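Protein chains: 2
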Amino acid sequence: MKKLINAPDAVLSDALRGVQAAHGDRLRVSFDPAYVVRSDAPVQGKVGIISGGGSGHEPMHGGFVGPGMLDGACPGEVFTSPTPDQMIEATKAVDGGAGVLHVVKNYTGDVMNFDMAAELGRGENIEVETVLTNDDVAVEDSLYTAGRRGVGVTVLIEKICGGAAEDGRSLQEVAELGRRANANGRSMGMALTPCITPASGEPSFELGDDEVEIGIGIHGEPGRFREQLGPASQVAERLMAPILDDLPFSSGDRVLAFVNGMGGTPLLELYVMYAEVARVAGERGIQLERNLIGNYITSLEMQGCSITLLKLDDELLRYWDAPVNTPALRWGA
Amino acid sequence: MKKLINAPDAVLSDALRGVQAAHGDRLRVSFDPAYVVRSDAPVQGKVGIISGGGSGHEPMHGGFVGPGMLDGACPGEVFTSPTPDQMIEATKAVDGGAGVLHVVKNYTGDVMNFDMAAELGRGENIEVETVLTNDDVAVEDSLYTAGRRGVGVTVLIEKICGGAAEDGRSLQEVAELGRRANANGRSMGMALTPCITPASGEPSFELGDDEVEIGIGIHGEPGRFREQLGPASQVAERLMAPILDDLPFSSGDRVLAFVNGMGGTPLLELYVMYAEVARVAGERGIQLERNLIGNYITSLEMQGCSITLLKLDDELLRYWDAPVNTPALRWGA
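Quick note, the sequences are listed as chains C and G, same order. Residue 189 in the working numbering sits at position 189 of the first sequence; the count goes up by one each step and never skips. Residue 104 in the working numbering sits at position 104 of the second sequence; the count goes up by one each step and never skips.
With the rest of the complex left out, here is chain C (with noise of 0.2 Å):
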């Protein structure tokens, strides 16, 4: 294992470390309980949004922490659930009198623990209401999982959620808005290499010379099928195909379509997937009306992409638009 640390169970603290020296200015880092909120938070009459997950999947979700995007967020250990007192305290931290939004990636551990931290937050007279997101159309169960999986989607669901809560609307509202967000938005993703967590020094599975599996998890769960590594072209088409039927997705829609890398794939790959990407989409008559390249939602450095359509109406494609100032998504602002 080969890996920029100093040691495995340092990684997440030295990276809070990290945050902390680099974007002091605009958040603020709990080490103990780990999180890290705007530094700004609370912000009084505005819901507040928290995420979190396994740390390996960086910049989400500490990355979108900022004005525009999430209020909070709770890393835990690599590839390991956050503690529902971080959650409950990070809710604390963000909490401006206007509730707060629990985004949660549909993982047992991350569900349950949001849950307990809901149910705590309830008791201390804070209104919460949670989106949970589950858009992998790869598997219906998983390991870790009950039902789908939630991938890229909740990248910009944080992102549209922030929106909304910055421009004044409900928890209700924002909740709602997540929600469908999530039920417009499919994912599935491939690798074409393990990756290795630093507390187990192994790769989290084997994979042939010139093999991949299809419909990967971000944890390295299993997929669909494995099978030979094809042009970019078939890759595209493997996993457009069921994201595509699932929804399904119509000519005419208005679609943001999200290419992801896993964490170890060059830019200039994922450049190629979205040509392919547009192409598949254009044969039937999906117009990509916004698009977001690049590593976003990671599994450390598997290489590998994933593969976000999002179909879009008025108000998500406004609150998408909408600044953004965070350390890895920024615009307007």
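In case anyone wonders, no lab produced these hints; they're calculated from the structure. Mixed in with the good hints, there may be bad ones.
One copy or any two copies: either way a pair holds, since identical chains are not told apart in the list.
Think about it this way: if two alpha-carbon atoms lie no more than 20 Å apart in a straight line, the pair counts; the simulated SDA-like pairs of lysine to any residue are [said to hold, decoys possible]:
no., residue 1, residue 2
1, Lys311, Arg179
2, Lys2, Pro84
3, Lys311, Gln287
4, Lys311, Glu289
5, Lys2, Phe205
6, Lys2, Arg238
7, Lys2, Leu207
Being a predicted model, the structure only gives us computed values, none of them experimental.
Fit chain G to the given chain C structure using the hints.
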């Protein structure tokens, strides 16, 4: 070799198709000769700025084309210099009557071809100035290089010169600012793993299972030495000491610190590295006033990082902070 491509000889044109599909609203793509310019080029009365180099270092340079940074970029094949005809066509496309700046990394092919393009430009009555970047302290001469290699400071110079050009500064002023930034910037990189170019299909070099190369170049060129991988704190010291001693940087200096990933390094690890960079800088009394952390000047899927320090003055800082709106760097606009 596992890559998300259609064919080794189609990588560049396929990636450019992706750039056109994704960013056609803000960039204009020419396929033959290959270059990318901002869609409103040429901007009348503004100094035009172009750069270029081999592909495989994305987002550099194409991801930096847009208001506040580059007017155009010329991508060569992977790790191969672009040709003079790409450069002269891009130069003409961005010439708004105030002259054109070429930002050139110090590699023999790039230098020779940009020299030729500058001559061709003058032959067409376009005033051309060149800023040559050579900030890599690792080695004096190298594969492909007489003198030091141009690396991370190139990204910072493109941003700073772009800000100055947008502010209406003259070609001479923008060029002098770029040269001052180069004189005040120093970098060094390291690799955990090699990369594989699509054309060769073979690793660019071999490293032992626990070995790293200190002083690596962005094409896998040899560095200063190899050693067993130590903790991130040691890696930071290995890179920071030669950088700090070379300028030299002194107590009280105001510095921009750029921790760059080589393409395959998780962001989590780059933040661990930033914590160590901030620690070493602090021990020397150096104030990190700005930072940039992420994969910006890469070597395909290579794992590793580089550190660039730029000594700031008020003018460099002002143009670093100025609005920028490109696919890869965007703020305040």
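Each hint tested on the structure:
1. Lys311 - Arg179: Classified as within: same-chain Cα gap 13 Å, cross-chain 47 Å, threshold 20 Å.
2. Lys2 - Pro84: Result: close neither inside a copy nor across copies, 32 Å intra and 40 Å inter.
3. Lys311 - Gln287: within (10 Å within a copy, 46 Å between copies)
4. Lys311 - Glu289: Within one copy, since 10 Å is at most 20 Å while 41 Å is not.
5. Lys2 - Phe205: both (17 Å within a copy, 16 Å between copies)
6. Lys2 - Arg238: Intra 32 Å, inter 17 Å, cutoff 20 Å: inter-copy only.
7. Lys2 - Leu207: Answer is both; intra-copy 19 Å and inter-copy 11 Å each pass.
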